[in-house]
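**Student:** Could you slot chain C onto chain H? The hints should help.
Going down the list, the protein sequences come from chains H and C. The opening residue of the first sequence carries number 1 in full-length UniProt numbering; numbering runs sequentially from there. The opening residue of the second sequence carries number 1 in full-length UniProt numbering; numbering runs sequentially from there.
Careful: at least some of the hints might be erroneous.
Note that the list lumps identical chains together, so a pair holds whenever it fits in one copy or between two copies.
[As the list claims (entries may be wrong)] Derived pair list, reagent style SDA-like, types lysine to any residue, alpha-carbon separation capped at 20 Å:
| hint | residue 1 | residue 2 |
| --- | --- | --- |
| 1 | 142 | 326 |
| 2 | 303 | 265 |
| 3 | 289 | 120 |
| 4 | 142 | 325 |
| 5 | 253 | 277 |
| 6 | 294 | 261 |
| 7 | 253 | 276 |
| 8 | 138 | 308 |
| 9 | 345 | 332 |
| 10 | 138 | 123 |
What the hints contain is simulated information worked out from the structure, not anything from laboratory work. None of the values given here were measured: they were computed from a predicted structure.
What follows is each chain in one-letter form.
Protein chains: 2
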Amino acid sequence: MASLHIKSLFLNMGKTVPKNFERFNSSTARKLLYTEYGDPLEVVKLVPAELKEPQSDEVLIQLIAAPVNPADINTIQGKYPSKPPLPAVPGNEGVGKIIRVGANASKEFAEGDRVIPLSSNLGTWQTHLLLPKDCVLKLPRKVQTAQAATLTVNPCTAFRMLRDFADLQPGDTVIQNGANSACGQNVIQICRAWGLRSVNIVRNRPNISELKQYLIKLGANYVLTEEELRTNDLFKSGLLHKPKLALNCVGGKNALECLRHLDNGSTMVTYGGMSREPLSIPTAALIFKDLKFKGFWMTRWTKDNFNSVDRFEMLSELISMMTSNELEAPAHMMIKFDDYKEALKNTLNMQGMIGKKFILDFE
Amino acid sequence: MASLHIKSLFLNMGKTVPKNFERFNSSTARKLLYTEYGDPLEVVKLVPAELKEPQSDEVLIQLIAAPVNPADINTIQGKYPSKPPLPAVPGNEGVGKIIRVGANASKEFAEGDRVIPLSSNLGTWQTHLLLPKDCVLKLPRKVQTAQAATLTVNPCTAFRMLRDFADLQPGDTVIQNGANSACGQNVIQICRAWGLRSVNIVRNRPNISELKQYLIKLGANYVLTEEELRTNDLFKSGLLHKPKLALNCVGGKNALECLRHLDNGSTMVTYGGMSREPLSIPTAALIFKDLKFKGFWMTRWTKDNFNSVDRFEMLSELISMMTSNELEAPAHMMIKFDDYKEALKNTLNMQGMIGKKFILDFE
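Isolated chain H (complex conformation) (with noise of 0.2 Å):
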């Protein structure tokens, strides 16, 4: 570090680099790439990258962890709305530390800093990535490295969800199916942090009553299987208000006994679709329940409000949640990045089932 510090004495100076610097570094850099859309663990290979200096407005990054979002796996199956040209690096969010700040950058970040890019689909499953800085946040060291490396998808996720489509007040309820998923664990996190209800809809499993412990700990009010759902009596009870939003990642029968107990003019935002079955909606629930349905995309958002103050309030607001411990990093696992094929075949297999997000480790 004491060598790639001088070396940006130099480039602050203006003067050229020795050579033996981008020796160094580029002999450690490396990739995954792939050239053509396909399987992951046939078209993803690990290549060796070069490494270029940061111009003035630019900073060098060193990843430090980036996750295998199940949307990263369709975006490489070609299967995904966003296709980048080929070839392309995967990868759509990640945590680094700054190895070395452009000459214009100097202000505002230092070598050593942990930052995380701002734009998406930058391709984070490397070693290094130079950026704009303008393009990366700087992070309290209170945030660990898996929240920090999976703050940008999932907890923007959810935060947008709970905060664009209803005006929900404190003791209002809200209900959402694959609450397992790792956006269904900052739901419930928020929901608890902001003061809403939230009633967890989980498919049934072996293991039910260590998910459904698992997700009460994180604040969930209520876990009910299909099943429960079908047969529970909660809003009937007046145990709770009836739901104001609705929140679906799973599509089919699931999300029809979902919008059923919905309060009406609410809403229901779909998110994904696990089941791969579409939404079937009542012709009364639209006309007579005046219920609404909307979509939502992480993605989309990002690049309508790239740099809207309530997109750096919803991450200053996240962070804020992280360092108070109000909001965990989701269920994971952290996988060598050399054994990338690793996390690449536990999502590939995961099937929502497991609701265990794989990280890969650049350490």
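**Tutor:** Relative to the frame of chain H, chain C by itself:
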């Protein structure tokens, strides 16, 4: 009429009305009534009605015409969410002439004025209606009987759906299914008046070219059968912008075909479900195309906006369209009040294929 005029003079002077006026009117007053929900042909009976003199703030209306809407049938069957207390007089809209004016109403109304009731579910299938003066709207003479009788449901539904769910500009496209319905015919004409281009989907039928001609004469830009929509290249060819609004009264596969053509971020408004199949929405349409699905129910809108500026602006604009021949009455058939069973039977058997409104004729 002369005697009635004398009577209202009596009333205005606060004097007692001679008994013989009551007897004269009561002998002609009749109403349709049902005392239990069920088959309209069984439970609806024509019975004598009692006439009362208007209170100071009231007017007495002699009905001229009142339509049989599909929702009236469903209400009588007990299948509709608004359940009037029984016994009830059916009928949700109509036009009449004022035959008595309460003292406090005489500045605004005179005998002979043609008026429509402004409230829903008043029970218009009767020869006379006694209403508070604030619940009636006086119409210009130029509005025809069939237009006036059907003003508050279908034209208002079409108006609000085109106004409240998308920021449409002249040249923008609207797609609707069930385009031959009474509401669909209003949608076509209001689109033409506002410079919107309408793509109208109808089911194939023996007289399809006749129906297409009729709708194109009303102002439809395109009329397609479901099959033609599936194979058309209207939107790909660049002839038309992609629709920014879809109006759905069918559901099922037809609605799915319509939503496939919508521009990103657009809304489908459901106001009926003639196919009796739910709306089936692919997850990707919600998440990646950002399509929104809402419902519209005129009864709720009217209740929520009874005395609003929006409501009177809408009625005023619709009446103006009618007097300037921009908005025709829907295809209809007048049926004598005494033959009400024929109107009920025809509406029951219609199943959306004929697209003709049956209007009870009291004259």
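**Student:** Against each hint, give a clear statement of whether it holds in the structure.
**Tutor:** For each hint, the structure was consulted:
{"no.": "1", "hint": "142 x 326", "in the structure": "within (13 Å within a copy, 68 Å between copies)"}
{"no.": "2", "hint": "303 x 265", "in the structure": "between (29 Å within a copy, 15 Å between copies)"}
{"no.": "3", "hint": "289 x 120", "in the structure": "between (37 Å within a copy, 18 Å between copies)"}
{"no.": "4", "hint": "142 x 325", "in the structure": "within (10 Å within a copy, 71 Å between copies)"}
{"no.": "5", "hint": "253 x 277", "in the structure": "both (8 Å within a copy, 15 Å between copies)"}
{"no.": "6", "hint": "294 x 261", "in the structure": "both (17 Å within a copy, 17 Å between copies)"}
{"no.": "7", "hint": "253 x 276", "in the structure": "both (11 Å within a copy, 18 Å between copies)"}
{"no.": "8", "hint": "138 x 308", "in the structure": "within (17 Å within a copy, 51 Å between copies)"}
{"no.": "9", "hint": "345 x 332", "in the structure": "within (15 Å within a copy, 65 Å between copies)"}
{"no.": "10", "hint": "138 x 123", "in the structure": "within (19 Å within a copy, 67 Å between copies)"}
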